[in-house]
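Number of protein chains: 2
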Amino acid sequence: MTQRPKIKDVARRAGVSPTLASFALNGREGVGEETRQRILAAAAELGYRANPYARALRTGSSNSFGLLIRNLSNPIFLDVIAGAQEAAVSSETTILIADADYSFERERQHIERFAAHHVDGLAIAPVGPGESVDLWRDLRPGAPTVVLYATAPGLDDVIRVGPDARRAVRLAVDHLYELGHRDIAFLTAPRELMADHDRLDEFELACADLGLPPRPVFTPLNLAAVMERVTALLDSPTPPTAVITNSDYTAHGVYLAARERGFTVGRDLSVVGHDDLPTAELLDPPLTTIRMDGRALGRALFDRLSGADADRAGDGDPGDGAGRTEPVDHAEPVELVVRRSTGPVR
Amino acid sequence: MTQRPKIKDVARRAGVSPTLASFALNGREGVGEETRQRILAAAAELGYRANPYARALRTGSSNSFGLLIRNLSNPIFLDVIAGAQEAAVSSETTILIADADYSFERERQHIERFAAHHVDGLAIAPVGPGESVDLWRDLRPGAPTVVLYATAPGLDDVIRVGPDARRAVRLAVDHLYELGHRDIAFLTAPRELMADHDRLDEFELACADLGLPPRPVFTPLNLAAVMERVTALLDSPTPPTAVITNSDYTAHGVYLAARERGFTVGRDLSVVGHDDLPTAELLDPPLTTIRMDGRALGRALFDRLSGADADRAGDGDPGDGAGRTEPVDHAEPVELVVRRSTGPVR
Numbered sequence: 001m002t003q004r005p006k007i008k009d010v011a012r013r014a015g016v017s018p019t020l021a022s023f024a025l026n027g028r029e030g031v032g033e034e035t036r037q038r039i040l041a042a043a044a045e046l047g048y049r050a051n052p053y054a055r056a057l058r059t060g061s062s063n064s065f066g067l068l069i070r071n072l073s074n075p076i077f078l079d080v081i082a083g084a085q086e087a088a089v090s091s092e093t094t095i096l097i098a099d100a101d102y103s104f105e106r107e108r109q110h111i112e113r114f115a116a117h118h119v120d121g122l123a124i125a126p127v128g129p130g131e132s133v134d135l136w137r138d139l140r141p142g143a144p145t146v147v148l149y150a151t152a153p154g155l156d157d158v159i160r161v162g163p164d165a166r167r168a169v170r171l172a173v174d175h176l177y178e179l180g181h182r183d184i185a186f187l188t189a190p191r192e193l194m195a196d197h198d199r200l201d202e203f204e205l206a207c208a209d210l211g212l213p214p215r216p217v218f219t220p221l222n223l224a225a226v227m228e229r230v231t232a233l234l235d236s237p238t239p240p241t242a243v244i245t246n247s248d249y250t251a252h253g254v255y256l257a258a259r260e261r262g263f264t265v266g267r268d269l270s271v272v273g274h275d276d277l278p279t280a281e282l283l284d285p286p287l288t289t290i291r292m293d294g295r296a297l298g299r300a301l302f303d304r305l306s307g308a309d310a311d312r313a314g315d316g317d318p319g320d321g322a323g324r325t326e327p328v329d330h331a332e333p334v335e336l337v338v339r340r341s342t343g344p345v346r
Numbered sequence: 001m002t003q004r005p006k007i008k009d010v011a012r013r014a015g016v017s018p019t020l021a022s023f024a025l026n027g028r029e030g031v032g033e034e035t036r037q038r039i040l041a042a043a044a045e046l047g048y049r050a051n052p053y054a055r056a057l058r059t060g061s062s063n064s065f066g067l068l069i070r071n072l073s074n075p076i077f078l079d080v081i082a083g084a085q086e087a088a089v090s091s092e093t094t095i096l097i098a099d100a101d102y103s104f105e106r107e108r109q110h111i112e113r114f115a116a117h118h119v120d121g122l123a124i125a126p127v128g129p130g131e132s133v134d135l136w137r138d139l140r141p142g143a144p145t146v147v148l149y150a151t152a153p154g155l156d157d158v159i160r161v162g163p164d165a166r167r168a169v170r171l172a173v174d175h176l177y178e179l180g181h182r183d184i185a186f187l188t189a190p191r192e193l194m195a196d197h198d199r200l201d202e203f204e205l206a207c208a209d210l211g212l213p214p215r216p217v218f219t220p221l222n223l224a225a226v227m228e229r230v231t232a233l234l235d236s237p238t239p240p241t242a243v244i245t246n247s248d249y250t251a252h253g254v255y256l257a258a259r260e261r262g263f264t265v266g267r268d269l270s271v272v273g274h275d276d277l278p279t280a281e282l283l284d285p286p287l288t289t290i291r292m293d294g295r296a297l298g299r300a301l302f303d304r305l306s307g308a309d310a311d312r313a314g315d316g317d318p319g320d321g322a323g324r325t326e327p328v329d330h331a332e333p334v335e336l337v338v339r340r341s342t343g344p345v346r
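From first to last, the protein sequence lines are chains A and B.
Per full-length UniProt numbering, the first sequence starts with residue 1, numbered consecutively.
Per full-length UniProt numbering, the second sequence starts with residue 1, numbered consecutively.
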């Protein structure tokens, strides 16, 4: 097969005009059932595949979704992608993935590219509070937008999907408090890059409840920056006795910094991660972390992007969201997994 | 901006016909320089973006490349993707990523989708020996094909990019032999899924050179399958004293199996990984592995996909590939990093 069959080949084989063949293949009305079946059979026999560019020009839809990640270096996003693709397999949908690498400029470029490709919806783990979502909505008004791992304050008409951030922070703080820690550092992005204010808000609330001074540490959340910042922290006159991170990925930077400065994790410095990556239990020492099902998060993301969630909600149990036709936000449940990276304060 | 400017808006602003505007914006000949400048200025003022679908229909090119990965769960591919995107940033190119998840069927579906989207080239880490590359070439004859992490025997006109697999295997076997190991298991994919015969060939050669019985272990290379297979191996009457894996990712499965069966890694069972992921040095015990620069691999991949390699080669040093106009295969250098997961045989 070196020549792609074209619609005129399908039409010839079915004995109809190309226009009629096109109508049938695109499910438009005005084609008799028997003729439609004959055209579909001819298309199947020839292995005809519709040209998505032609379809996109005609319908404005490309049967694809964009997934724009602020930091694809973090392996948790692999689970999220796997879950989304799992959900997408049965529908004829392509998920296009791109990495903003913590750059506002690259984020905007990717959004422009996605919009130009006519993706039908955008899921975005934004670099900052989500200003580039406005660009997306200017370019593709009405297309669904799912905001991932972000509070996105001030954005209406977006669906939010992420872990239960407030509960995750509270679990970590309470666990460390019970171990006797009173000086807890909390790693968070610089304000201008911060996507999820809920984490910091909840940390400050939890500290207030427990009478602790909050100690947020603002740092870009890539591995090198975390390592450098935590090394400086451990060199300070009053290093914290514990560190809460936003991911196992950044927790690796804390391990590296602790090792560099001769602090033993779990004894001199307690560390709490987030995500329970496959490696978390294999680290030295095994990492106390917040477990979250990244694949489930990815499935929830796809359902909301594609509208499957709203469809299901409409058919749902009368006692459980009946009549709901709009997708709703999704907070993935979290739980604390205690391992040896956290211990009693010394 | 709720209405995308169209080419006719650009034409009106520049005071030319839409056809002339289109010619100028697509760099075709027959447009006077002053007129061309006026049209480009009008396009810039209006924020006009070419519609890639229209361009793809017209030129057959979409300014995008497909990257099809057999197992996106392995974090090394994040580095490869990051490197490729790094190289792609300066050109106006989108890299579309998809995951075959070790399924031949999904691999073929993704290739059909990529071809239908008119991607200009395909980079593929194939599930098996690369049969689906034939499908790709039927659908997109003449488009460049880069085969990643695979020998792809019998495939002509493909460019191969990967780590120096033969040297990686030899480094691992020699290291274990020097530590006294004479019974070394070698994890490799089942023959029908095997993408890289070089690894197994080299293992058998190295064993023959050293007078060792080769002990290949054929298993699907996902975490669960590796863990199950290695657990069975450790339960056998004659467990090996060392295991060589194809990646740090699969080495995690060996760690989990060893732990489950009460074997201490580095003492009862030596383990060699491949990739030197950021976590390798943080594991308990730190992992002996083959270091490879995944980002450099990704950059090499993009250069070959886009033809940048051939362009550069043509301008190159006379003593160093002068006159070369075709991209060549790339074997990324590897080195052994010895840590505590390997020790003297007991």
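Just so you know, the hints here were simulated from the structure itself, not pulled from any lab data.
Possibly wrong hints are sitting among the right ones.
Claimed, not checked - Cross-link-like lysine to any residue pairs, in silico, SDA-like; alpha carbons within 25 Å at most:
id, chain 1, residue 1, chain 2, residue 2
1, A, Lys6, B, Glu281
2, B, Lys6, A, Leu205
3, A, Lys6, B, Lys6
4, A, Lys8, A, Gln37
5, B, Lys8, A, Asp174
6, B, Lys6, B, Gln37
7, A, Lys6, A, Leu25
8, B, Lys8, A, Ser61
9, A, Lys6, B, Ala44
10, B, Lys8, B, Ala44
Claimed, not checked - Here are the simulated distance ranges between beta carbons:
id, chain 1, residue 1, chain 2, residue 2, range
11, A, Leu135, B, Glu131, 51 to 59 Å
12, B, Arg267, A, Arg261, 43 to 51 Å
13, A, Arg346, B, Leu223, 53 to 61 Å
14, A, Arg259, B, Pro213, 35 to 43 Å
15, A, Glu112, B, Glu33, 23 to 31 Å
Just so we're clear, the structure is a prediction, and the values are computed from it rather than from any experiment.
For glycine and all other residues, C-beta sits at the position ideal for the given N, C-alpha and C.
Does Lys8(B) pair with Ala44(B) here, judged by a C-alpha cut-off of 25 Å? Roughly 14 Å separates the two Cα atoms, so the pair holds.
How does the Cβ-Cβ distance of Glu112(A) and Glu33(B) compare with 23 to 31 Å: does it lie in that range? For Glu112(A) and Glu33(B) the Cβ distance comes to about 28 Å; the hint holds.
Range hint compliance [Cβ, Leu135(A) to Glu131(B), 51 to 59 Å]: Given range 51 to 59 Å: violated, Cβ gap about 42 Å.
Hinted pair Lys6(A) and Glu281(B), Cα distance within 25 Å: Violated, at roughly 55 Å.
Given hint Asp174(A) paired with Lys8(B) - CA-CA distance at most 25 Å: violated (63 Å)
Holds or violated: Lys8(B) and Ser61(A), Cα atoms, limit 25 Å. holds (22 Å)
Do the alpha carbons of Lys6(B) and Gln37(B) lie within 25 Å of each other, as the hint requires? It holds: about 18 Å lies between the C-alpha atoms, which stays within 25 Å.
Mind checking the hinted window 35 to 43 Å against the Cβ distance between Arg259(A) and Pro213(B)? holds (39 Å)
Taking the beta carbons of Arg267(B) and Arg261(A), is their distance inside 43 to 51 Å? Once the Cβ atoms are compared, 28 Å apart, the range 43 to 51 Å for Arg261(A) and Arg267(B) is violated.
Given pair status - Leu205(A), Lys6(B), alpha carbons within 25 Å: violated (51 Å)
Keeping to a limit of 25 Å between CA atoms, is the pair of Lys6(A) and Ala44(B) held or broken? Outside the cut-off at roughly 37 Å; violated.
Going straight from one Cα to the other, do Lys8(A) and Gln37(A) come out at no more than 25 Å? Holds: Lys8(A) and Gln37(A) sit about 17 Å apart, inside 25 Å.
Checked against the numbered hints listed earlier, the structure breaks hints 1, 2, 3, 5, 9, 11, 12 and 13; every other hint is satisfied.
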